[in-house]
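**Q** Here's the letter readout for the chains.
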Amino acid sequence: MEAINEIQERMARARGAFGEVKAEIARAIVGHEELIEQIFMALVCGGHCLLEGVPGLGKTLLVRTLGEILNLSFSRIQFTPDLMPADITGTNVLTDDPSGKKLFDFQRGPIFAHIVLADEINRATPKTQSALLESMQEQSVTVGGKVHRLPSPFMVLATQNPIEMEGTYPLPEAQIDRFFFKLMVRYPSRGELGRIADLTTASLPPAPDKVLDGDGVLEIRECVRQVPVAEAVKDFAVRLVLATHPQESQGDGALPLARRFVLYGSSPRGLQSLILAAKARALLSARPNVSFNDIRAVALPALRHRIILNLEADAEAMSVEKILAEALERVVEVP
Amino acid sequence: MSASLQENFSVLIGWEKLKRRETLLISALCYSLLFSLMASPAAALLPPWADPLIVPAVIFLVLAPGLFFLRPWRTGDSLRAVWLLDRTLGMEERAITAWEILGRGKKGSAELLVLEEAEGILKGVDPKAIFKRRLTWQAISAPLFFLLWLLFVFLDDGVRLERISKASQASSAAARLREFSRELRDRAASQGLSESLETARALEGVAAERLAGEVDEKGLQENVAGLADGLRGKEAAGAGPSDLSFAMATAEGLLDLKAEMEALRTALLPDSAKGQEGLGREALERLGNLPRLKEEIGKRLPSFEKIETKDLQSLLDRLEKEVAAELDRRTLVEIREFLDHLLRGMEARENQLLIGEAGPAEPGRSAQAEREKARGIFPGDQPGTKESAERSLPPFQASAGAHLKGLLGEGKGGSLSFQGEPKGGKSEVSQEEILASYQRQAEEELASERIPEALRETVKKYFLSLGMSERKK
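Chains as they are written, first to last, in our numbering: chain A, 24 to 358; chain B, 423 to 895.
No lab work stands behind these hints: they were computed from the structure. Each hint should be verified, as a subset may be incorrect.
The calculated SDA-like cross-link candidates involving lysine to any residue, where the alpha carbons are at most 25 Å apart (straight line), are [as the list claims (entries may be wrong)]: (1) B:K529 <-> A:Q249; (2) A:K257 <-> B:K528; (3) B:K545 <-> B:S432; (4) B:K439 <-> B:L492.
Input sequences plus hints: build the corresponding full structure.
**A** Structure below.
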């Protein structure tokens with residue numbers, strides 16, 4: 024009984040923290056409730072987010088606000104074509120010690136922060152983009168043969184602009200697969216635009232309060248991983264991931280759209296993201312178990328960047344969203 | 423906590439299993455009736471022993487285990503039942519998660535929380551009330567198919583009665599053949615009739631094949647016809663002029679003659695033992711008391727008083743062989759007549775069935791068939807109907823002066839044979855009296871209006887000529 028009470032309390036704390044984060048962000052950001060929830064889910068799952076949207080939608084502001092209210096270290100890296108990997112990870116600098124002896128001292132790059140904003144990530148060269156690979160996956164940086172651990176919790180929030188593609192470098196598949204979620208930042212509604220105008224043209228709002236620290240985030244992470252998933256629900260997620268493959272034959276069979284337009288389906292990381300995000304969603308919904316609806320709700324952000332379409336899809340203007348919608352419609356919960 | 427939740431799931435799964443079994447049984451019943459209905463036009467192809475009533479039962483007995491084999495209750499079915507419970511009660515997969523957690527060993531705090539929440543929701547929930555029996559199309563169709571099937575089977579007299587008639591016909595013809603062949607076998611064995619005995623065994627085999635269902639009615643008919651043809655062939659082969667004087671005698675006469683021969687042999691034994699060449703006194707006396715044998719020997723040996731014992735014995739051997747051959751021949755004729763009669767009966771039944779299949783018979787045709795049946799030379803196995811125009815026979819009284827008066831009618835002649843225990847001793851009526859009564863009867867008939875006046879003299883002359891020829895003999 025005590026164990027139940029304890030888990031109930033922890034779950035209540037997690038929900039409370041999320042409520043506070045949402046409320047604080049709402050003071051600086053208008054709308055984007057779903058986006059905020061998804062970023063928080065990625066945070067408590069230990070994942071990274073790629074935010075995509077046209078300029079001026081508040082992507083950078085959102086991430087910066089999140090960094091401020093979380094009582095965590097925050098750094099912003101503006102990706103440019105001339106940015107080098109060492110500019111991100113840090114480099115060994117030749118220095119003199121007090122005795123006058125020359126030695127290499129590791130100067131930490133901006134990646135050494137809890138929350139890292141990789142702004143316009145697709146403007147850097149693939150070489151520089153790949154500097155994030157190890158840090159995102161292993162939460163460590165290796166420079167000069169020495170491994171440097173990154174702080175925990177660690178989260179990369181990258182933004183990219185879908186237009187103005189000239190002079191940009193699309194993220195390599197290995198890089199993009201390491202993002203827990205790919206979130207699309209939508210254009211604000213009419214009412215939201217009005218509120219944005221009020222908020223940003225009047226006197227500056229007070230700085231948001233810090234409502235959650237690193238330990239709090241890690242505790243929620245632990246709590247998320249304890250949420251049980253039924254085999255049937257897990258099997259549904261597995262079949263959903265398999266359904267994105269054009270030559271699928273193990274689950275419910277390849278879907279017509281996937282067979283025609285998909286070049287490569289989701290990787291196993293997609294399934295991991297799906298299950299973990301569903302657990303986080305269940306927790307934030309005050310439910311101790313994962314439901315089919317949780318899987319459905321997180322399928323799009325967790326899988327959309329992991330499905331590679333073929334040339335025919337480009338020609339037919341087919342989107343990943345349509346393919347995933349078909350998968351969600353056709354894959355049955357319990358076969 | 424776990425126990426009550428476990429019970430909830432057990433009740434739910436048990437209920438779903440019961441519903442599944444019911445559904446499968448109803449489906450099997452529905453499909454059985456449907457297949458029976460579809461197959462009802464082919465009922466004529468069924469073997470005679472297969473009653474249409476058992477067809478759906480047989481299909482059901484095959485189909486039901488097949489359906490249970492194809493759709494056994496699997497873990498996935500239990501999962502689906504629990505999932506449905508989740509959906510129905512809006513439990514957001516708490517039930518399905520709790521059901522799985524119950525099967526695990528160690529449970530974490532979050533898992534215990536799931537169990538607690540699931541138990542709280544499922545408390546007081548009756549799965550039978552939530553998941554009521556559904557009315558499937560099979561359940562709706564089954565009574566309809568049953569009624570249709572009843573209409574097809576019970577109201578279709580033709581199909582049913584034809585089957586019953588076929589079955590009874592099959593059993594009666596084969597049974598009669600077997601009964602006849604057994605009697606024949608006993609008789610042939612006791613009288614030493616080798617060919618008759620062999621034929622009796624063949625007949626018994628044919629009857630046994632039919633009764634065992636190894637051949638159908640047509641096969642029986644073909645076998646019987648084959649045997650009858652064989653006997654007819656034998657008759658034709660032995661139809662040459664016979665030099666036996668007893669060829670015209672009755673079977674009883676032949677049997678008497680055989681008995682007399684046995685008696686004489688017994689009397690001759692002491693003479694042959696003594697090595698006596700001529701007949702002894704005792705043998706001659708005995709021969710004098712054996713009128714039939716004496717007559718036959720007299721025809722062959724006019725001066726038999728001087729015959730030697732050895733010659734007489736060889737004559738007796740020859741005579742005995744001839745008598746046995748004659749009895750065998752007559753028995754074979756009797757068998758052939760029986761087989762012909764049996765075949766006629768079977769053909770008549772077959773024709774009746776064909777008429778029944780073709781539709782209601784014409785009144786005249788039916789009456790004709792009845793008439794023909796009534797005029798058979800052997801009694802049938804079903805009661806016939808009398809023609810309204812036919813007069814009934816006068817009551818037969820077994821007295822000395824009684825006459826059996828025949829009736830004349832159109833078409834083929836008819837006869838009745840009476841078989842009874844013969845009365846011992848000499849006839850109480852003299853031959854002259856019988857002849858006189860027949861003559862009187864003939865004259866009365868000649869005087870009646872049934873014979874045209876112009877032809878009466880011709881008929882009278884014909885009968886008188888028969889009498890003269892008999893007297894000449």
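**Q** Out of the numbered hints, which ones does the structure contradict?
**A** Result: no hint breaks.
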